[in-house]
Structure formats: C-alpha cells, structure tokens
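Asker: Using the sequences provided together with the hints, build the complete structure.
Residue-level listing of the chains:
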Amino acid sequence: MSSSRFSGFLLVAPALLVIGAMFVYPLTYSIVDAFTVEDGETLRVSLANFVRAFGFYADDIAFTVVIMAISASLIALGAILIGGYITLGDNRFLTRALRVLYRWPLFIPFIVAAQCMRTFLAKNGLMNGVLVELGLLTPMSTTGFLDWRGIVITFVWKQLPFVTLLVAGAMAALDRSTIDAARDLGASKPRILAQIVVPQVMPTLIVALVLSIVTMMSVLSVPVMISGHSPTMLTVQMAFRVNAYHDYATANALGVISYLITGTVAWVYLRRGVAKGGNAQ
Amino acid sequence: MNGSFPGAASAQAMISPAERLRLTFGGGIPGTVAVAVVIILLALAIFGPLTNMLLWTVAERWYFPNTFPSQYGFAFWARVFKPTGNAVVSLKYSIGIAVLTVGFCLALAVPAGYALARLRLPARSFILLIFLMPQAFPNIPVHMNIARVFYTLNLHGTVPGVVLVHTLHGMVYAVWIATAAFSAIDRSLEEAARDIGAGPLRTFFTITLPAAFPGLIASAIFVFLESLDEFTGTYFVGAPEIMTLPMLMFRAGMEGNYQIASITALILLVPSVLFMLVVERFLRADVLANVGR
Numbered sequence: 003m004s005s006s007r008f009s010g011f012l013l014v015a016p017a018l019l020v021i022g023a024m025f026v027y028p029l030t031y032s033i034v035d036a037f038t039v040e041d042g043e044t045l046r047v048s049l050a051n052f053v054r055a056f057g058f059y060a061d062d063i064a065f066t067v068v069i070m071a072i073s074a075s076l077i078a079l080g081a082i083l084i085g086g087y088i089t090l091g092d093n094r095f096l097t098r099a100l101r102v103l104y105r106w107p108l109f110i111p112f113i114v115a116a117q118c119m120r121t122f123l124a125k126n127g128l129m130n131g132v133l134v135e136l137g138l139l140t141p142m143s144t145t146g147f148l149d150w151r152g153i154v155i156t157f158v159w160k161q162l163p164f165v166t167l168l169v170a171g172a173m174a175a176l177d178r179s180t181i182d183a184a185r186d187l188g189a190s191k192p193r194i195l196a197q198i199v200v201p202q203v204m205p206t207l208i209v210a211l212v213l214s215i216v217t218m219m220s221v222l223s224v225p226v227m228i229s230g231h232s233p234t235m236l237t238v239q240m241a242f243r244v245n246a247y248h249d250y251a252t253a254n255a256l257g258v259i260s261y262l263i264t265g266t267v268a269w270v271y272l273r274r275g276v277a278k279g280g281n282a283q
Numbered sequence: 006m007n008g009s010f011p012g013a014a015s016a017q018a019m020i021s022p023a024e025r026l027r028l029t030f031g032g033g034i035p036g037t038v039a040v041a042v043v044i045i046l047l048a049l050a051i052f053g054p055l056t057n058m059l060l061w062t063v064a065e066r067w068y069f070p071n072t073f074p075s076q077y078g079f080a081f082w083a084r085v086f087k088p089t090g091n092a093v094v095s096l097k098y099s100i101g102i103a104v105l106t107v108g109f110c111l112a113l114a115v116p117a118g119y120a121l122a123r124l125r126l127p128a129r130s131f132i133l134l135i136f137l138m139p140q141a142f143p144n145i146p147v148h149m150n151i152a153r154v155f156y157t158l159n160l161h162g163t164v165p166g167v168v169l170v171h172t173l174h175g176m177v178y179a180v181w182i183a184t185a186a187f188s189a190i191d192r193s194l195e196e197a198a199r200d201i202g203a204g205p206l207r208t209f210f211t212i213t214l215p216a217a218f219p220g221l222i223a224s225a226i227f228v229f230l231e232s233l234d235e236f237t238g239t240y241f242v243g244a245p246e247i248m249t250l251p252m253l254m255f256r257a258g259m260e261g262n263y264q265i266a267s268i269t270a271l272i273l274l275v276p277s278v279l280f281m282l283v284v285e286r287f288l289r290a291d292v293l294a295n296v297g298r
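One line per chain: the protein sequences are A and B, in this order.
Just so it is clear: in the first sequence, position 83 is 85 by our numbering, and no numbers are missing.
Just so it is clear: in the second sequence, position 248 is 253 by our numbering, and no numbers are missing.
It should be emphasised that the hints constitute simulated quantities derived from the structure, not laboratory data.
Fair warning: there could be bad hints in the mix.
So the derived label-pair ranges between C-beta atoms look like this [said to hold, decoys possible]:
{"id": "1", "chain 1": "A", "residue 1": "R98", "chain 2": "B", "residue 2": "V278", "range": "17 to 25 Å"}
{"id": "2", "chain 1": "B", "residue 1": "R286", "chain 2": "A", "residue 2": "A15", "range": "27 to 35 Å"}
{"id": "3", "chain 1": "A", "residue 1": "V47", "chain 2": "B", "residue 2": "Q140", "range": "28 to 36 Å"}
{"id": "4", "chain 1": "A", "residue 1": "P201", "chain 2": "B", "residue 2": "T72", "range": "45 to 53 Å"}
{"id": "5", "chain 1": "A", "residue 1": "I72", "chain 2": "B", "residue 2": "L49", "range": "19 to 27 Å"}
{"id": "6", "chain 1": "A", "residue 1": "Q197", "chain 2": "B", "residue 2": "L282", "range": "35 to 43 Å"}
{"id": "7", "chain 1": "A", "residue 1": "Y247", "chain 2": "B", "residue 2": "R125", "range": "50 to 58 Å"}
{"id": "8", "chain 1": "B", "residue 1": "N71", "chain 2": "A", "residue 2": "V102", "range": "28 to 36 Å"}
{"id": "9", "chain 1": "A", "residue 1": "R151", "chain 2": "B", "residue 2": "N71", "range": "20 to 28 Å"}
{"id": "10", "chain 1": "A", "residue 1": "A174", "chain 2": "B", "residue 2": "A50", "range": "21 to 29 Å"}
{"id": "11", "chain 1": "B", "residue 1": "A141", "chain 2": "A", "residue 2": "G188", "range": "38 to 46 Å"}
{"id": "12", "chain 1": "A", "residue 1": "S179", "chain 2": "B", "residue 2": "A39", "range": "24 to 32 Å"}
{"id": "13", "chain 1": "B", "residue 1": "V104", "chain 2": "A", "residue 2": "S179", "range": "44 to 52 Å"}
{"id": "14", "chain 1": "A", "residue 1": "R151", "chain 2": "B", "residue 2": "Q140", "range": "25 to 33 Å"}
For lysine to any residue, the following SDA-like pairs were computed, each having C-alpha atoms within a straight-line distance of at most 25 Å [claimed, not checked]:
{"id": "15", "chain 1": "A", "residue 1": "K125", "chain 2": "B", "residue 2": "I45"}
{"id": "16", "chain 1": "A", "residue 1": "K125", "chain 2": "B", "residue 2": "Q76"}
{"id": "17", "chain 1": "B", "residue 1": "K97", "chain 2": "B", "residue 2": "N159"}
{"id": "18", "chain 1": "A", "residue 1": "K125", "chain 2": "B", "residue 2": "S75"}
{"id": "19", "chain 1": "A", "residue 1": "K125", "chain 2": "B", "residue 2": "N71"}
{"id": "20", "chain 1": "A", "residue 1": "K125", "chain 2": "A", "residue 2": "P233"}
{"id": "21", "chain 1": "B", "residue 1": "K97", "chain 2": "B", "residue 2": "E260"}
{"id": "22", "chain 1": "B", "residue 1": "K87", "chain 2": "B", "residue 2": "R66"}
{"id": "23", "chain 1": "A", "residue 1": "K125", "chain 2": "B", "residue 2": "Y68"}
{"id": "24", "chain 1": "A", "residue 1": "K125", "chain 2": "B", "residue 2": "A48"}
{"id": "25", "chain 1": "A", "residue 1": "K125", "chain 2": "B", "residue 2": "G261"}
{"id": "26", "chain 1": "A", "residue 1": "K125", "chain 2": "A", "residue 2": "R151"}
{"id": "27", "chain 1": "B", "residue 1": "K97", "chain 2": "B", "residue 2": "S277"}
{"id": "28", "chain 1": "A", "residue 1": "K125", "chain 2": "B", "residue 2": "F73"}
{"id": "29", "chain 1": "B", "residue 1": "K97", "chain 2": "B", "residue 2": "M248"}
{"id": "30", "chain 1": "A", "residue 1": "K125", "chain 2": "B", "residue 2": "G53"}
{"id": "31", "chain 1": "A", "residue 1": "K125", "chain 2": "B", "residue 2": "P74"}
{"id": "32", "chain 1": "A", "residue 1": "K125", "chain 2": "B", "residue 2": "W67"}
{"id": "33", "chain 1": "A", "residue 1": "K125", "chain 2": "B", "residue 2": "T72"}
{"id": "34", "chain 1": "B", "residue 1": "K87", "chain 2": "B", "residue 2": "M259"}
{"id": "35", "chain 1": "A", "residue 1": "K125", "chain 2": "B", "residue 2": "F52"}
{"id": "36", "chain 1": "A", "residue 1": "K125", "chain 2": "B", "residue 2": "P70"}
{"id": "37", "chain 1": "A", "residue 1": "K125", "chain 2": "B", "residue 2": "R256"}
{"id": "38", "chain 1": "A", "residue 1": "K125", "chain 2": "B", "residue 2": "L55"}
{"id": "39", "chain 1": "A", "residue 1": "K125", "chain 2": "B", "residue 2": "A50"}
{"id": "40", "chain 1": "A", "residue 1": "K125", "chain 2": "B", "residue 2": "N262"}
All of these numbers come straight from a predicted model, not from anything done at the bench.
Think of the CB as a built atom: it goes at the ideal place given N, C-alpha and C, for glycine as much as any other residue.
Answerer: Encoded structure:
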C-alpha cells in the first residue's frame with residue numbers, strides 16, 4: 003500500500019468508525035437478537051420471535067404494507083403530474099407558480115408536519131371548519147381524518163416535494179428533441195408524458211420512491227400523533243414493545259420484518275429497472 | 006422556453022378549437038383555468054395545515070364549533086419563553102446539541118471528504134456508499150439497539166449520547182457534500198502553492214480549505230437542521246432527560262396542549278424555511294454536480 007493510500011485511509015477511518023459503531027453494530031445486533039432465544043445460559047437460533055411477532059402484529063404488518071403502497075402510489079402519481087406540468091406546460095406563469103409552490107413542505111420536519119395535520123384534519127379542525135363555513139358540510143356531519151387516511155395524507159404531503167424535486171430535475175435534464183418531435187407529430191401532452199417522459203425518468207422515480215419508503219418506514223412521530231388506533235404502523239409497535247415490555251427480541255423481529263419490506267421493494271424495483279435496461283439495448 | 010415562439014402560436018390558431026384543446030392540454034383557456042384551479046387547491050393543501058398551526062400559536066380560546074379562534078393573544082408565548090420555562094431549556098439543549106453535532110460531524114467529514122476527493126482510495130465509491138447505508142434501512146430498530154448499548158455504557162440520557170446519534174444521521178450530508186466541495190476545487194491552485202514552496206498542511210489550510218468553505222458551510226447547515234429536527238433517535242436515546250424542542254413539541258402535542266406544541270413547531274419551522282430559501286446560494290451548481298461522485 004502506498005503512503006498516499008495509507009494516509010487516505012487514516013483520514014477516512016474515524017468517520018467509518020462512527021458508522022461502524024453507531025450503525026453496523028446495532029443493525030447486526032438487531033438481526034442476531036431477532037433470530038436467537040435465550041435457552042438457560044446459552045443462545046440458540048430460533049424463529050420463536052418471529053412466530054410471536056406474526057401472532058401479535060400480523061394486522062400491523064399488513065397495515066404498514068398497505069399504507070406504504072397507497073402513499074407511494076399517490077406520491078409517484080403526484081410527482082409525475084407536477085414534474086410533467088413543469089416540464090411540458092405552456093403557461094409560464096402557472097409553471098413558475100407550481101415550481102415555487104410544490105417544494106414548501108420539503109424541509110419541514112416530520113414532527114411539525116404531524117402536529118399541523120393533527121389539528122388540520124381533526125373533526126373540528128380548520129379543514130372541516132372551512133368546509134362548514136362554505137356550506138359544504140354541516141357542523142354535525144363532519145368526520146375527522148385522524149386514522150389511516152391521516153397517516154397517508156401526512157406522508158404524501160411531506161414526501162411528495164422530495165420525489166417531485168428529483169423527478170422534475172430528471173425531466174428537465176431530458177433531451178428535448180424527442181419531446182419536440184412528438185409534439186410536431188401531434189402527440190398530446192398526456193401522451194408525451196406517459197410514453198416519452200415517464201419511461202426515461204423511471205430510474206430516478208424508482209430511487210426517489212425507495213428512499214421515500216425507507217424514510218416513511220422510519221418515522222415514529224406521524225403514526226403516533228395522527229392515529230392512536232390499532233392496527234397501526236410497525237414503527238409504533240416496535241417502540242411500544244420496547245417501552246412497555248422491554249421485549250427487545252420481538253421488537254427486533256418486527257425490525258427485521260421492516261427491513262424485509264423495504265428490501266423487497268428495493269429489490270423488485272431494481273430488478274425491474276435492470277430488466278428494462280436490458281430490453282432497451 | 007417552450008410554446009413561447011410567436012410562430013408556434015399562430016400555427017396553433019389555424020387548427021380547430023377542439024383540435025387545439027386536444028393538442029395543448031393545459032394550454033387552451035379551459036385547460037389553463039383547470040390547471041390554475043388545481044394549483045390553487047394544491048396551495049390550500051400545502052398551506053392549510055401550516056395556517057392551522059399558525060392560528061394555534063396565537064389562539065387563546067378556540068372551542069368547537071368556532072371555525073376560528075374566539076380570542077387571540079400572546080399569553081402562551083409569554084408562558085413558553087419565560088426564563089424558567091421548558092421551552093427555554095429545550096431550546097438550549099437543541100441548539101447546544103446541534104452545534105456539537107455540526108462540530109463533530111465536520112471534524113470527521115473534512116478529512117474524510119478531502120481523502121475521498123483528492124487521494125486515490127481503492128473502493129472509493131463503496132466507501133461513499135457506506136455513509137449512505139444508515140438512510141437505506143428503517144432506523145427504529147437501529148435506534149432501539151443503540152439505546153440498549155448506551156444503557157450499558159451510561160451514555161443513555163446524556164448529551165454526548167444524543168450527539169452521537171445525531172452525528173450518525175448527519176454523516177451522509179457532511180461527508181458527501183464535503184467530498185463534492187473538495188472535488189470542485191481547481192487542483193492547479195494547490196499545485197501552484199506547492200510549486201512556490203508551501204508544505205502540504207500549509208497548502209491545505211491556506212488554499213484548499215478556504216476554497217471549499219461555501220460547500221462546507223452548506224454541509225454544516227444540513228447537519229445542523231438534521232440535528233435540530235431529529236426526533237426518533239432522541240426519543241430512544243435521550244428521553245426523558247434530554248428534552249430537545251421536537252421532544253417538547255411531541256409531549257405538548259400528545260397532552261393536547263396545542264398552543265405550546267404549535268409555538269414550538271413554529272420555532273422548529275423557521276430555520277427550515279429560511280434554509281429552503283437560501284440553500285441554492287450556498288450549494289453552488291459545481292458542488293452540487295459532484296455530490297455522490
């Protein structure tokens with residue numbers, strides 16, 4: 003190893019050490035803990051923690067998957083429509099307005115978003131209040147959205163700007179000649195968007211969605227503050243298992259299940275991406 | 006950029022209105038109105054929840070079935086900001102922890118970023134990827150187990166423990182942006198300094214570091230905000246001793262104390278929004294183009 007390489011490693015080593023101690027070690031620990039049970043003095047490999055996790059929390063696992071699927075679909079649709087209008091729209095005032103508007107929630111912390119939505123979507127919140135003032139609802143016919151719908155709304159509200167930012171960026175970087183050619187041939191804008199623009203930004207959209215899903219699978223504040231009902235997200239049940247019972251084994255089994263959910267999403271998307279790339283050549 | 010050529014407009018005027026509508030979805034008058042309505046609805050959806058929060062910060066009495074508060078005032082602000090109040094303690098914790106996290110992150114990331122940008126490291130892209138890994142896994146189980154380890158090390162419920170957790174999340178911004186900032190520097194400046202006899206350390210501190218400074222400031226801001234807004238790690242590792250602003254907000258919100266929660270939320274919101282407005286000034290395009298490379 004040359005001296006330059008050696009000093010290079012010395013410079014990177016402290017930073018890597020922090021990742022090792024604060025991430026790789028606890029991650030490994032969580033996986034080992036999920037797959038082992040104490041048998042007297044010794045540890046042995048077992049699936050008992052997973053049996054218990056599925057026994058208690060099968061509903062929550064299904065709930066988490068459904069919430070993720072709905073949120074990710076809405077985010078993808080919104081990002082394509084907003085990015086598409088910014089890229090293809092003719093009205094410069096409206097495209098500029100949209101560009102300035104959509105990114106507002108980007109840097110707003112999840113916990114602030116949760117607090118805003120907790121008041122806004124409540125049965126007596128501002129949303130219903132305004133609808134009542136407009137005569138669209140009566141005070142007695144209002145319903146709160148603080149259940150699974152509130153979780154989805156908050157996730158979409160918070161994550162849509164991030165995905166849109168990446169997707170609109172990818173759309174702006176596209177070679178415009180194919181778009182202009184299709185337009186000259188009389189293709190409508192929705193058709194240009196669906197058949198020319200979206201396929202080309204698919205890799206960016208997929209990466210952005212996977213990152214978004216991981217983020218949503220890591221957020222504790224939104225499901226806790228928006229909806230106290232059961233079933234709820236796995237994040238809440240993990241925290242509950244630890245805080246209420248000090249039952250790290252079951253919580254870690256749920257943790258591994260959440261890794262598997264995000265891992266499956268990433269794997270399916272990446273595989274599809276690879277297959278598509280292969281066909282294109 | 007598009008559709009603004011005069012020729013294009015006159016060419017469109019020659020085809021039938023229905024055809025034109027079909028061609029220029031969103032470009033004709035009904036289309037434009039439809040898009041404008043959608044954008045207004047989007048604006049309501051984005052700013053409605055924020056407005057509700059802002060109203061709560063100045064609402065002294067707000068009961069069902071009133072759509073808006075029946076009495077406005079700043080009594081809760083006085084309560085939040087009284088010197089012995091929880092919020093002042095939380096604000097000190099939050100800012101102190103964020104500053105320490107920025108210092109620690111940059112102390113690790115500046116050498117690492119320099120090495121990744123300038124020295125020929127094998128497996129360079131793999132090392133960059135390692136710093137992204139914490140963002141690629143759902144992090145509740147990681148936090149849970151950090152807390153468990155910290156109990157045995159007596160780091161649970163301490164400021165250094167929370168700073169370590171925040172550092173973990175700040176590292177990807179710190180290292181990636183620092184690497185990009187060093188990569189964007191013109192190498193010939195450093196070579197010129199070396200040619201006239203400056204040593205490697207002197208070259209680094211007088212040439213390289215000042216040139217990378219705007220990028221490093223950008224990464225510091227990212228890390229600062231990440232730390233300021235961090236909730237889950239503090240919840241597992243710091244609570245109940247370390248009451249940062251997000252923890253205080255969470256507790257007030259869960260107790261139904263919406264005024265205190267909303268005022269705290271507003272304090273958290275201001276730096277985030279300011280940052281969104283100025284980020285492009287610090288993150289220059291030449292640095293941005295190098296992120297992750």
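Asker: State for each hint whether it applies.
Answerer: Structure-based check of all given hints:
no. : hint                        : in the structure
1   : A:R98 / B:V278: 17 to 25 Å  : 19 Å, holds
2   : B:R286 / A:A15: 27 to 35 Å  : 33 Å, holds
3   : A:V47 / B:Q140: 28 to 36 Å  : 30 Å, holds
4   : A:P201 / B:T72: 45 to 53 Å  : 46 Å, holds
5   : A:I72 / B:L49: 19 to 27 Å   : 22 Å, holds
6   : A:Q197 / B:L282: 35 to 43 Å : 37 Å, holds
7   : A:Y247 / B:R125: 50 to 58 Å : 52 Å, holds
8   : B:N71 / A:V102: 28 to 36 Å  : 33 Å, holds
9   : A:R151 / B:N71: 20 to 28 Å  : 24 Å, holds
10  : A:A174 / B:A50: 21 to 29 Å  : 24 Å, holds
11  : B:A141 / A:G188: 38 to 46 Å : 44 Å, holds
12  : A:S179 / B:A39: 24 to 32 Å  : 29 Å, holds
13  : B:V104 / A:S179: 44 to 52 Å : 50 Å, holds
14  : A:R151 / B:Q140: 25 to 33 Å : 27 Å, holds
15  : A:K125 / B:I45              : 23 Å, holds
16  : A:K125 / B:Q76              : 21 Å, holds
17  : B:K97 / B:N159              : 22 Å, holds
18  : A:K125 / B:S75              : 18 Å, holds
19  : A:K125 / B:N71              : 12 Å, holds
20  : A:K125 / A:P233             : 20 Å, holds
21  : B:K97 / B:E260              : 22 Å, holds
22  : B:K87 / B:R66               : 21 Å, holds
23  : A:K125 / B:Y68              : 12 Å, holds
24  : A:K125 / B:A48              : 21 Å, holds
25  : A:K125 / B:G261             : 14 Å, holds
26  : A:K125 / A:R151             : 13 Å, holds
27  : B:K97 / B:S277              : 18 Å, holds
28  : A:K125 / B:F73              : 14 Å, holds
29  : B:K97 / B:M248              : 10 Å, holds
30  : A:K125 / B:G53              : 15 Å, holds
31  : A:K125 / B:P74              : 16 Å, holds
32  : A:K125 / B:W67              : 14 Å, holds
33  : A:K125 / B:T72              : 11 Å, holds
34  : B:K87 / B:M259              : 22 Å, holds
35  : A:K125 / B:F52              : 19 Å, holds
36  : A:K125 / B:P70              : 10 Å, holds
37  : A:K125 / B:R256             : 21 Å, holds
38  : A:K125 / B:L55              : 17 Å, holds
39  : A:K125 / B:A50              : 17 Å, holds
40  : A:K125 / B:N262             : 17 Å, holds
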